[in-house]
Amino acid sequence: LAKTTQPISMDSYEGQEVNITCSHNNIATNDYITWYQQFPSQGPRFIIQGYKTKVTNEVASLFIPADRKSSTLSLPRVSLSDTAVYYCLVGLNYGGSQGNLIFGKGTKLSVKP
Amino acid sequence: EAGVAQSPRYKIIEKRQSVAFWCNPISGHATLYWYQQILGQGPKLLIQFQNNGVVDDSQLPKDRFSAERLKGVDSTLKIQPAKLEDSAVYLCASSSPREYRDEQFFGPGTRLTVL
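First to last, the sequence lines map onto chains S and V. With the numbering used here applied, the first sequence covers 748 to 860. With the numbering used here applied, the second sequence covers 206 to 320.
Chain S with its partners taken away, still in its complex shape (with noise of 0.2 Å):
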């Protein structure tokens, strides 16, 4: 099973970029990569999913490296509203949903003014 490692917390300023690394050293081969955000009292809410080298979206974009065994997620310019806690999942197959879907420890990203 492909587990993720994250750092437990992060800090950052209102305006910042901000970049949250995951490890994913047994990234199997047709594995995407899917970031979610979670506040609280909420479920989690999709942020941005890829295979390989960077996707972007209008909120964030999506790093990961030839090897695949990390990614890093960048949230540009960063609100109060981005507080929150950030997931990285490693497990859902090209084309389709299959199991063995692992929800990482989170980040949980604090932005102060």
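Treat the hints with care, since some could be wrong.
Stated by the list, open to error - Label-pair restraints from in silico Cβ distances:
1) V:PRO286 - S:THR776: 26 to 32 Å
2) S:THR752 - V:PRO266: 24 to 30 Å
3) S:SER828 - V:VAL259: 33 to 39 Å
4) V:ASN257 - S:ARG824: 28 to 34 Å
5) V:PRO266 - S:GLU805: 29 to 35 Å
6) V:LEU244 - S:THR776: 33 to 39 Å
7) S:GLU761 - V:GLU273: 45 to 51 Å
Claimed, not checked - Here are a few chain V residues that sit away from chain S, every Cβ distance over 12 Å (derived from the structure):
8) LYS220
9) ASP261
10) GLU273
Unchecked claim - Here are the computed lysine to aspartate or glutamate pairs in the DMTMM-like style, where the Cα-Cα straight-line distance is at most 20 Å:
11) S:LYS855 - S:ASP758
12) S:LYS852 - V:ASP291
13) S:LYS801 - V:GLU308
Calculated directly from the structure, the hints in this document are not laboratory data. Even glycine gets a Cβ: it sits at the ideal position worked out from N, Cα and C.
Fit chain V to the known structure of chain S by using the hints.
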């Protein structure tokens, strides 16, 4: 588009009692997941359905937990009998995988307290 619905939102029971949670996924989503999230931890997958078939239930404590998804739409998760360590938030999610993207949509969860 309506989101994933769950009920109840909160439940308090005593140990050894039974409890059931209900989930209605987003219309048309074939995949449904039940997660257990203990305070301070990430969600742990209990069971995954594809339509009404089970894809993964390897982490479901089958001696006390059961889940079903009749007709491939809504689902029920049951705990019988409950233990103190079952106190957690139970999250339901659904997805409709398509090429290059498999996003799970989560419901608000049911917070269970076992006394």
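Now for the hints, and whether the structure bears them out:
no. : hint                            : in the structure
1   : V:PRO286 - S:THR776: 26 to 32 Å : violated, 42 Å
2   : S:THR752 - V:PRO266: 24 to 30 Å : holds, 26 Å
3   : S:SER828 - V:VAL259: 33 to 39 Å : holds, 38 Å
4   : V:ASN257 - S:ARG824: 28 to 34 Å : violated, 45 Å
5   : V:PRO266 - S:GLU805: 29 to 35 Å : violated, 40 Å
6   : V:LEU244 - S:THR776: 33 to 39 Å : holds, 35 Å
7   : S:GLU761 - V:GLU273: 45 to 51 Å : holds, 47 Å
8   : LYS220                          : holds, 24 Å
9   : ASP261                          : violated, 3 Å
10  : GLU273                          : holds, 18 Å
11  : S:LYS855 - S:ASP758             : holds, 8 Å
12  : S:LYS852 - V:ASP291             : holds, 18 Å
13  : S:LYS801 - V:GLU308             : holds, 18 Å
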